[in-house]
Amino acid sequence: MSVAEAPAPEALPEVHIVPPTPRLVKVLIGLGIFAVVVFGFFTPSGEDVTFQLALGEEALALPDLTLPAKISAIAFSAIALLAAVGGLFAARKERALWPYSTVFGIFFVLGFLSWAVAGSTINLVGLLQGSLLLAVPLVFGAMSGILCERAGVINIAIEGQLLTGAFMAAVVASLTQNAYLGLIAAPLGGLFIGLLLAVFAIKYWVDQVILGVVLNVLAVGLTSFFYGRLLAPNQETWNSPPTFSPIAIPVLSDIPIVGPILFNQNIVVYLMYIIVIVINVALFRTKWGLRVRAVGEHPQAADTVGIKVNSVRFRNVLLGGLVAGLGGAFFTVASVGAFGKEMTAGKGFIALAAVIFGRWKPMGALAAALFFGFADNLQSVLSIIGTPIPSEFMLMTPYLATLLAVAGLVGKVRAPAADGIPYKKS
Amino acid sequence: MTDATTVTQEQKPPSRVRTALSGTAGITFLSIVMALIIGAFFIAFSDPAVQDASSYFFAKPFDTLSAAWTSVVEAYKALLTGMLFNPDASSLVDALKPLSETITMATPLILGGLSVALAFRAGLFNIGAEGQIILGSIFAAYIGFQFSLPWFIHLPLAVLGAFIGGAIWGGIAGFLKAKTGAHEVITTIMLNWIAIYLVAWLLTKPAFLREGRQDPISPPVADSAEYPSIVDQWRVHAGIIVAILAAAAVAWLLDKSTLGFQFRAVGANANAARTAGMNVSRMYLLVMLIAGGLAGLAGSAQVLGTEKSLTGGISAGIGFDAITVALLGRANPWGVVAAGLLFGGLRAGGLNMQTATGTPIDIVLVIQALIVLFIAAPPLVRSVFRLPETGGAGFMQTAKGWNG
Numbered sequence: 001m002s003v004a005e006a007p008a009p010e011a012l013p014e015v016h017i018v019p020p021t022p023r024l025v026k027v028l029i030g031l032g033i034f035a036v037v038v039f040g041f042f043t044p045s046g047e048d049v050t051f052q053l054a055l056g057e058e059a060l061a062l063p064d065l066t067l068p069a070k071i072s073a074i075a076f077s078a079i080a081l082l083a084a085v086g087g088l089f090a091a092r093k094e095r096a097l098w099p100y101s102t103v104f105g106i107f108f109v110l111g112f113l114s115w116a117v118a119g120s121t122i123n124l125v126g127l128l129q130g131s132l133l134l135a136v137p138l139v140f141g142a143m144s145g146i147l148c149e150r151a152g153v154i155n156i157a158i159e160g161q162l163l164t165g166a167f168m169a170a171v172v173a174s175l176t177q178n179a180y181l182g183l184i185a186a187p188l189g190g191l192f193i194g195l196l197l198a199v200f201a202i203k204y205w206v207d208q209v210i211l212g213v214v215l216n217v218l219a220v221g222l223t224s225f226f227y228g229r230l231l232a233p234n235q236e237t238w239n240s241p242p243t244f245s246p247i248a249i250p251v252l253s254d255i256p257i258v259g260p261i262l263f264n265q266n267i268v269v270y271l272m273y274i275i276v277i278v279i280n281v282a283l284f285r286t287k288w289g290l291r292v293r294a295v296g297e298h299p300q301a302a303d304t305v306g307i308k309v310n311s312v313r314f315r316n317v318l319l320g321g322l323v324a325g326l327g328g329a330f331f332t333v334a335s336v337g338a339f340g341k342e343m344t345a346g347k348g349f350i351a352l353a354a355v356i357f358g359r360w361k362p363m364g365a366l367a368a369a370l371f372f373g374f375a376d377n378l379q380s381v382l383s384i385i386g387t388p389i390p391s392e393f394m395l396m397t398p399y400l401a402t403l404l405a406v407a408g409l410v411g412k413v414r415a416p417a418a419d420g421i422p423y424k425k426s
Numbered sequence: 001m002t003d004a005t006t007v008t009q010e011q012k013p014p015s016r017v018r019t020a021l022s023g024t025a026g027i028t029f030l031s032i033v034m035a036l037i038i039g040a041f042f043i044a045f046s047d048p049a050v051q052d053a054s055s056y057f058f059a060k061p062f063d064t065l066s067a068a069w070t071s072v073v074e075a076y077k078a079l080l081t082g083m084l085f086n087p088d089a090s091s092l093v094d095a096l097k098p099l100s101e102t103i104t105m106a107t108p109l110i111l112g113g114l115s116v117a118l119a120f121r122a123g124l125f126n127i128g129a130e131g132q133i134i135l136g137s138i139f140a141a142y143i144g145f146q147f148s149l150p151w152f153i154h155l156p157l158a159v160l161g162a163f164i165g166g167a168i169w170g171g172i173a174g175f176l177k178a179k180t181g182a183h184e185v186i187t188t189i190m191l192n193w194i195a196i197y198l199v200a201w202l203l204t205k206p207a208f209l210r211e212g213r214q215d216p217i218s219p220p221v222a223d224s225a226e227y228p229s230i231v232d233q234w235r236v237h238a239g240i241i242v243a244i245l246a247a248a249a250v251a252w253l254l255d256k257s258t259l260g261f262q263f264r265a266v267g268a269n270a271n272a273a274r275t276a277g278m279n280v281s282r283m284y285l286l287v288m289l290i291a292g293g294l295a296g297l298a299g300s301a302q303v304l305g306t307e308k309s310l311t312g313g314i315s316a317g318i319g320f321d322a323i324t325v326a327l328l329g330r331a332n333p334w335g336v337v338a339a340g341l342l343f344g345g346l347r348a349g350g351l352n353m354q355t356a357t358g359t360p361i362d363i364v365l366v367i368q369a370l371i372v373l374f375i376a377a378p379p380l381v382r383s384v385f386r387l388p389e390t391g392g393a394g395f396m397q398t399a400k401g402w403n404g
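Which chain is which? The protein sequence lines are A and B, in order.
Taking this note's numbering, I'd label the letters of the first sequence as residues 1 to 426.
Taking this note's numbering, I'd label the letters of the second sequence as residues 1 to 404.
Calculated from the structure, these hints are not laboratory results.
A hint or two may mislead.
[To be verified] Derived list of chain B stretches under chain A, where covered just means 3 residues or more per stretch with a C-beta under 8 Å from a C-beta of chain A:
#, region
1, 198-207
2, 228-235
3, 371-380
[Unchecked claim] Below 30 Å or equal to it, Euclidean Cα-Cα: the simulated DSSO-like pairs (lysine-lysine) are:
#, chain 1, residue 1, chain 2, residue 2
4, A, Lys341, B, Lys308
5, A, Lys425, A, Lys361
6, A, Lys341, B, Lys205
7, B, Lys179, A, Lys361
8, B, Lys179, B, Lys256
9, A, Lys341, B, Lys77
Ideal placement from N, C-alpha and C gives every residue a C-beta, glycine not left out.
Take the sequences, apply the hints, and build the full model.
Here it is in structure tokens:
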């Protein structure tokens with residue numbers, strides 16, 4: 001990413017004509033030029049690239065798409081560049097940018113894949129299905145972050161909430177041999193950390209960044225301690241949870257490409273769809289959401305009109321804990337089953353990155369989480385195929401992207417105004 | 001909102017002991033006690049022997065309690081002997097080996113803690129010690145195994161390299177903060193992970209991978225670049241001297257130098273410092289460079305002293321523990337040394353406890369986190385022990401939001 005973004009400024013002497021060109025458009029155009037040049041130049045000619053468009057089990061399977069790699073790399077990159085230029089005109093007419101950036105994203109990735117996979121085959125449906133799965137804990141974690149931070153409480157403890165959620169899900173599901181009970185227990189794990197966050201941040205005014213860091217240490221310590229003491233020695237009773245299998249939704253799951261990706265997943269993924277929609281609607285279309293946002297932006301004003309600032313914050317932090325805990329269930333009962341020490345492996349921090357990258361908006365965070373999940377899955381798929389890019393650099397993507405985002409490379413990132421500041425009634 | 005500020009009713013004045021316990025040092029002490037008590041509950045109730053006894057709790061409740069007591073006493077005894085000294089050893093060197101392990105573990109924690117503490121005093125929260133330690137380790141290791149020089153050049157060069165490596169990583173966060181206002185908490189968290197993958201990648205390259213090895217480990221550093229050991233049978237090395245010198249330097253910097261005054265002024269109130277004519281952006285960059293460098297030195301303690309080669313897990317969570325060390329030490333250099341020794345001792349003792357009693361070392365993390373939680377909330381500790389309110393601004397309660 002850093003390499004990709006670098007040529008943006010000097011590649012564009014002509015965009016100064018119209019004053020308000022968003023940074024994002026400049027960056028996209030820069031990236032588009034970069035894609036055409038680099039992917040076009042470095043893709044070996046004479047190689048083919050094959051995109052599989054079906055998993056092979058669908059009723060209506062699309063045939064494989066085989067293209068000459070060099071030409072498709074240039075063509076896809078050129079379409080991406082055109083979309084970015086389209087965005088430039090859209091920005092001048094003050095129209096929404098997201099359709100252009102979406103098209104840009106899709107074709108940029110296709111151009112990238114033509115280069116990276118040249119001479120080999122990649123299954124796009126499998127790639128996207130896996131990406132969605134890897135994004136699930138990120139989405140839950142990011143929703144937790146949004147619930148807390150929109151109300152003005154910084155949540156760095158997402159990692160810890162995911163971990164305790166995963167732990168509770170595994171233990172309860174193992175003891176009862178019922179994955180659904182594990183799914184119900186998981187939010188309670190996240191709630192525990194959420195409760196500590198709420199009490200210490202709101203009642204005792206402890207710096208919320210410190211608090212988050214400490215709660216993460218506490219979550220790692222507690223879960224690892226009980227793992228070593230109970231789970232590892234008694235794997236059979238304590239750590240062998242049953243797992244969910246995918247549920248195909250009739251009709252919808254038969255749609256080519258989209259069906260298997262979105263509608264042949266397990267229950268946690270469907271819960272994720274519901275939660276994202278509910279949070280998005282609740283935050284921006286209900287009285288509750290207005291109050292939450294008021295408390296996060298201007299608590300004094302909210303207090304003046306009779307909103308109980310600290311109770312709203314308390315409730316939201318607990319709610320955030322529940323949501324992240326539920327996301328933690330993904331690590332155990334919805335994927336590998338058994339709990340492992342520190343198994344969240346930094347996913348909570350990627351979720352935090354998604355909150356920031358998505359500008360504290362549910363849909364933005366969802367998009368960011370999906371992108372990060374995609375980068376993660378692409379990395380593991382490409383490492384099997386064998387590509388020019390070291391997998392470690394692909395794994396860095398979420399962090400680099402967020403670093404560039406907060407540095408203002410893609411426009412100003414602004415948190416809710418009162419985020420992290422305890423409210424003291426004077 | 002809290003009732004913490006409500007003054008206790010005019011009863012008889014609290015005793016001197018209780019007033020003292022209510023002060024900063026007292027709260028720290030009581031926080032450690034509370035954390036150990038809670039830790040004891042976890043140890044007791046997760047012990048299989050206690051669980052067996054509790055199955056007939058109502059028939060013989062005393063059995064459960066005595067099993068729990070034994071379990072806790074055994075675990076904490078092992079923790080303590082693993083921290084300080086081994087009473088069963090035949091020679092003095094062996095008897096004091098636990099203490100030497102404590103100091104070995106404390107060395108990088110002190111240096112990392114100083115890094116976090118220094119940034120804290122300038123109003124910045126350096127979550128990035130982990131990444132800075134990794135960068136320092138990379139530089140120190142490369143200089144250490146790549147060159148062969150006389151030791152009086154090689155060792156200082158490798159240590160300097162570690163400082164520079166850490167300073168670069170910290171400096172990126174400082175630069176971004178100064179130029180774009182990007183919050184250092186976010187940037188340092190991201191830089192931690194970038195560093196983790198960077199070292200993982202480097203250790204796949206021939207320049208860093210040890211010959212004939214597939215697992216991520218570098219060639220051993222040359223003897224001439226190693227921190228000399230203090231007693232042959234111990235792992236403790238001259239890194240501890242660097243740590244003590246660094247603490248003295250940070251203390252001098254903060255209390256005696258103009259630059260330190262500016263750091264503290266920016267930390268106390270950046271706007272006021274700006275109004276007074278200080279270049280706040282420059283201070284942000286400088287403090288993050290120095291803080292990063294200190295964390296880099298912690299990396300040198302790992303690579304040139306304890307581990308003697310670069311591995312993927314070289315930072316071993318020290319950067320995160322360093323945050324708790326800095327907080328327990330209340331961002332005061334000598335406080336950090338004491339806190340580093342305590343947490344280093346918990347790490348060393350925890351290992352002994354794990355081998356001797358089977359209590360997982362992770363309980364140490366729980367205790368560490370609880371200590372910091374409690375010292376961050378003095379009103380909680382005071383209400384638990386029914387101590388008088390002594391006033392005094394709460395440390396760690398000066399939150400500034402993401403936009404601040």
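Consistency of the hints with the structure:
1. 198-207: Since 4 is at least three, the answer is holds.
2. 228-235: violated (count 0)
3. 371-380: This one holds; 6 residues, not fewer than the three required, reach chain A with a Cβ under 8 Å.
4. Lys341(A) <-> Lys308(B): Holds: Lys341(A) and Lys308(B) sit about 27 Å apart, inside 30 Å.
5. Lys425(A) <-> Lys361(A): holds (28 Å)
6. Lys341(A) <-> Lys205(B): Holds - the C-alpha atoms of Lys205(B) and Lys341(A) are around 29 Å apart, at most 30 Å.
7. Lys179(B) <-> Lys361(A): With a Cα-Cα distance of about 26 Å, the restraint between Lys179(B) and Lys361(A) holds, given a limit of 30 Å.
8. Lys179(B) <-> Lys256(B): Holds, because 28 Å separates the two Cα atoms, which is no more than 30 Å.
9. Lys341(A) <-> Lys77(B): holds (26 Å)
Of the numbered hints listed earlier, the single one contradicted by the structure is hint 2.
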